[in-house]
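There are 2 protein chains.
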Amino acid sequence: MANAFGLSRVDGALADGRAIHYYDPAGAPPRTPCPDARPLAPPGEGDRPPQIRVDPWTGEPVLLAGARQDRTFLPADDACPLCPSAPGRLTEIPDPAYALVVFDNRFPSMAPPHGRCEVVVYTSDHAATWADLPAERARALVRVLADRTAALNAEPGVHQVFAFENRGVEIGVTLTHAHGQIYAYPFTPPILAAYVQRSTAHLAEVGRCLGCEQLAAERAAGARVVVEGAAATAYVPYAARWPYEVHVVPHRCAPDLPALLADPAAADAVADVWQEAVRRLDALHGAPMPLTACWVQAPSAQSPGGLGERAGVHTHLRLQPARRAPGKLKYLAASETGAGAFALDVDPDDAARALREAGDGVGLRG
Amino acid sequence: MANAFGLSRVDGALADGRAIHYYDPAGAPPRTPCPDARPLAPPGEGDRPPQIRVDPWTGEPVLLAGARQDRTFLPADDACPLCPSAPGRLTEIPDPAYALVVFDNRFPSMAPPHGRCEVVVYTSDHAATWADLPAERARALVRVLADRTAALNAEPGVHQVFAFENRGVEIGVTLTHAHGQIYAYPFTPPILAAYVQRSTAHLAEVGRCLGCEQLAAERAAGARVVVEGAAATAYVPYAARWPYEVHVVPHRCAPDLPALLADPAAADAVADVWQEAVRRLDALHGAPMPLTACWVQAPSAQSPGGLGERAGVHTHLRLQPARRAPGKLKYLAASETGAGAFALDVDPDDAARALREAGDGVGLRG
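Protein sequence lines, in the order shown, are assigned to chains A and B.
For the first sequence, the numbering used here gives the first residue as -19, with consecutive numbering after it.
For the second sequence, the numbering used here gives the first residue as -19, with consecutive numbering after it.
The following block holds chain A by itself, in its conformation from the complex (with noise of 0.2 Å):
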């Protein structure tokens, strides 16, 4: 049992060697991990391998894993396998009962030592949203991508943590209960490698950090504002590439989430503004809002960079929606997969002011 930025984390392994991560609230009484029944075979045995290949036309990696096609796809609901085991109904999850999981993805893009991918559990309960999880247990999920981002910053040849979630089963996610992904890329890939060399670059250059310039441009001009928390801000970006994207940015100045947990404040006000995002999302077509949620942080120590580019980084979340109005949704096509140039239909001002409009009455909780 280990302390886990103030939670208590208990490890454990599944029935094919896969770990798995229980993280309980402190002060709750002692895990045992239970045994995994499950006749599994360890992974690989009969697969291909993923393989990381590199594009000769952009020189950027792309991650080849045939065996994911055979994927669990929206399976009932008493067939979840992020559900807590019962008898007679073996999961992925051991446990009967738990609070938050993260185990290593039985389908994953990458294996070590190419890399790892974790799923992040954030609750026992099937029909639950994050929007509607209690503000403690969103700011335990923080903490729990933090110690993730910690431990997996220090595996061999890991290069870049990312965390994410996707949601929506109009963006092709597989399973509906509420859970986050963990990639540990055994490269920084392009988009973040952009982030990390402008904002290095700008540092140097300007001498300010990327991160905090724009927060503050934000706040100081307000428009595009939709959330302010004690001490974090959500707002849409001048330059958005996604109808209603926003924006979570922790007013402290930290590269990634352990940083940023030097002070559990401001970690708990992302977690709170995070959610309340997320409840403006959901209100403004009076469906959840199908997304994408992308933690920005900077590349592990080991890295090419290493420590010289952390410096730079301003940890945040990304939310990018993939709907841009009631019934239609926001497709990536040719102009954007093919020439890599974006066309925005929401104007970023009213993308903010719909949003600081919608399910108003809620209001900041935690």
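Hints listed in this document are in silico derivations from the structure and should not be mistaken for laboratory results.
Keep in mind that the hints are not guaranteed to be accurate.
Because identical chains share one entry, a pair is satisfied inside a single copy or across any pair of copies.
Here are the simulated SDA-like cross-link-like pairs (lysine to any residue), alpha carbons at most 20 Å apart as the crow flies [as the list claims (entries may be wrong)]:
#1 Lys308 x Ala8
#2 Lys308 x Gly152
#3 Lys308 x His265
#4 Lys308 x Ala267
#5 Lys308 x Gly148
#6 Lys308 x Thr52
#7 Lys308 x Leu155
#8 Lys308 x Arg(-2)
#9 Lys308 x Gly46
#10 Lys308 x Pro55
#11 Lys308 x His106
None of the values given here were measured: they were computed from a predicted structure.
Since the structure of chain A is already known, use the hints to place chain B on it.
Frame of chain A; chain B shown alone:
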């Protein structure tokens, strides 16, 4: 009436001033465009014009086009704006009969002087699909794209012409009538810029064209070749990002379609192989494959890289399918859109084998 790479082109104007270009086979009777009798307001009045914003986190331009939210969305077949006009039913194309037509998009992501957006209609037959058009029409389309590329590259401020097709309601296509589009960007979008940069660097460092080298390697290996034409080859690239991704590559090295048309047989071969590749993609799951088709061409001579960059580019077509298995789409999620790391579910060798076997007996027409 102008000669457009062997076709006959007649230019006209729509009621709101937008340009329209009719392309007919050489030797067709001379065409006098019908006037557009619709009471259309000039574009832009009352609308906020499209803007280009630069994302401070990447330095990349983003297109902001709020007026597009009201664009025509899956109209009934008898209200299709791409069908020929008829008495009492006026469409975007005033003539009662046409072969290939190009006109300025009524709901553009970019507007002069900051770029251009055009619609390319392949046929007056509302129900026809690209794969089933006569070979002559497919070959004519490649000439039309070449003619528009040459014309747009000469427009003030155009740095990059991007010809593409979005195909399938599954990926958000709002009009089902067979058509493509052309964007003329006042910048070179980042994905195309990466290809240009890598190709130029490869030529400088290795002394060979990157496209020629990839093509030769794929033809020599054979495992990923899908269609071998007289002067063009279709193959699944080694580091594909999309399930069943196919590149259609002319054997002749040319920076763009106007240059390729110096050898009309090379352009014809591309058209033939493009059609055959799409036929095989359609046969694969027994249903038309949703995809984006993206032409890689060199930037214009007036772009910052100018003529120096054009030398390294080998123009080709990329087919990016969006279905990974029957009934299962490939979605871009957080790893792709938040970090930039693509995860591929289908091994490129398996994909090529499946496409070679799909629709066997159809053979290469034309």
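Quick rundown of the hints versus the structure:
1. Lys308 x Ala8: Neither: 45 Å inside a chain and 42 Å across chains, both beyond 20 Å.
2. Lys308 x Gly152: The answer is both: 15 Å in one copy and 9 Å across copies each meet 20 Å.
3. Lys308 x His265: For Lys308 and His265, the Cα distance is within 20 Å only inside one copy (10 Å; across copies 26 Å).
4. Lys308 x Ala267: within (12 Å within a copy, 23 Å between copies)
5. Lys308 x Gly148: both (14 Å within a copy, 15 Å between copies)
6. Lys308 x Thr52: between (27 Å within a copy, 12 Å between copies)
7. Lys308 x Leu155: Classified as between; 14 Å across copies, 22 Å inside a copy.
8. Lys308 x Arg(-2): This pair counts as neither: shortest intra-copy Cα distance 39 Å, inter-copy 28 Å.
9. Lys308 x Gly46: Classified as between; 15 Å across copies, 31 Å inside a copy.
10. Lys308 x Pro55: Only across copies: Lys308 and Pro55 sit 14 Å apart there, 25 Å inside one copy, limit 20 Å.
11. Lys308 x His106: Answer is neither; intra-copy 27 Å and inter-copy 24 Å both fail.
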